[in-house]
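Enquirer: Listed below, chain by chain, are the residues.
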Amino acid sequence: MSRKDLMTQIQAVGIMAVDLHLYLDTHPQNTQAAHEYKKTAEHLKSLKAQYESQFGPLVNFGNSSSFDNKCWINDPWPWERQ
Amino acid sequence: MIYNPYYANSGYPHHPNTMNYPNPMGSNPMQGNWPKPTTEHCSDEVVRPQGNPHAMKEEIVYVEAGPVKSSTVQDYELYLMEKEYYPKAGMQKHGHMEKGHHHKEGMQQHAHMEKGHHHKEGMQQHAHMDMKKDMQLTTKITCENLPIATAFVRPQPFQNLNSPAETLQQGTLFNDLYQPYVARKVAQGGRC
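Protein sequence lines correspond, in order, to chains A and B. Just so you know, we're using the numbering used here here: the first sequence kicks off at 1 and counts up by one. Just so you know, we're using the numbering used here here: the second sequence kicks off at 83 and counts up by one.
No wet-lab data here; the hints were simulated from the structure. Do not rely on the hints blindly, as some may be mistaken.
With the Cβ distance kept under 8 Å, some of the chain B side facing chain A (calculated, not the full set) [said to hold, decoys possible]:
1) L160
2) F240
3) N242
4) P246
5) A247
6) L250
7) T254
8) F256
Residues from chain B that face chain A, not an exhaustive set, calculated with beta carbons under 10 Å [unchecked claim]:
9) D157
10) I223
11) T224
12) T232
13) Q238
14) N244
15) Q251
16) L259
17) P262
18) A265
Restraint-style ranges between C-beta atoms, simulated for each label pair [unchecked claim]:
19) A/P78 / B/E159: 53 to 59 Å
20) B/V235 / A/K39: 25 to 31 Å
21) A/E80 / B/Y161: 56 to 62 Å
Where a beta carbon is used, it is the ideal one built from N, C-alpha and C, also for glycine.
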């Protein structure tokens with residue numbers, strides 16, 4: 001999977017996780033939603049780990065599983081992406 | 083040079099860029115002939131309290147809404163039933179009466195009367211119900227007898243979930259919540 005595709009996948013699954021979390025705020029007894037959230041969160045975690053292992057850190061300040069300073073500095077910043 | 087009415091003839095020091103000439107509206111801009119708010123454009127349907135401002139509680143402001151101007155309480159209750167704002171028990175009761183059971187009960191009551199049993203209390207109650215029904219038919223909806231508004235949000239079902247790609251495109255996991263704005267021509271009833 002290309003870097004762009006992987007980032008798109010992370011963004012899409014990230015929105016799913018946020019929406020499921022919001023749904024569980026108002027429907028805490030819904031076991032199906034809780035199961036779906038757990039599955040989505042694990043999927044998001046694995047996607048982030050895959051991205052970081054292939055292309056460098058996604059976030060800084062102690063949240064990343066691996067940190068490569070050169071990668072972090074030289075990566076295109078959000079406003080530099082075409 | 084800018085004329086500043088708040089400083090003209092007021093005795094206050096003038097800004098160096100303002101001219102000091104007499105104010106045509108009077109010395110004090112707050113008491114001169116400055117434009118004042120007008121109520122001419124207000125609707126006649128609104129009765130505004132006059133005199134003592136502390137008498138606000140005694141005054142009633144009548145604002146009749148257009149769509150319910152000629153409606154009755156019964157019309158409104160039927161509307162609520164149609165929209166299922168009332169529980170189904172109410173609908174069953176309504177249907178029960180439609181099926182002719184009400185008529186059957188009336189026949190039974192009539193038969194009892196023929197046999198000489200005077201159900202005085204029952205008749206009074208029946209008359210009271212009729213009177214109440216008549217009142218409902220003739221009472222017009224006003225601000226005073228309308229039910230208090232209650233905000234209600236239907237519980238969102240956990241269904242019709244989007245795929246990751248659809249979620250990113252629609253901005254929501256729930257397909258039921260995706261209602262994009264579609265421009266419609268108001269002149270054509272907003273339907274096309």
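Enquirer: Could you work out which of the previously given hints the structure breaks and list their numbers from low to high?
Expert: Those not satisfied are hints 1, 3, 9, 10, 11, 12, 17, 18.
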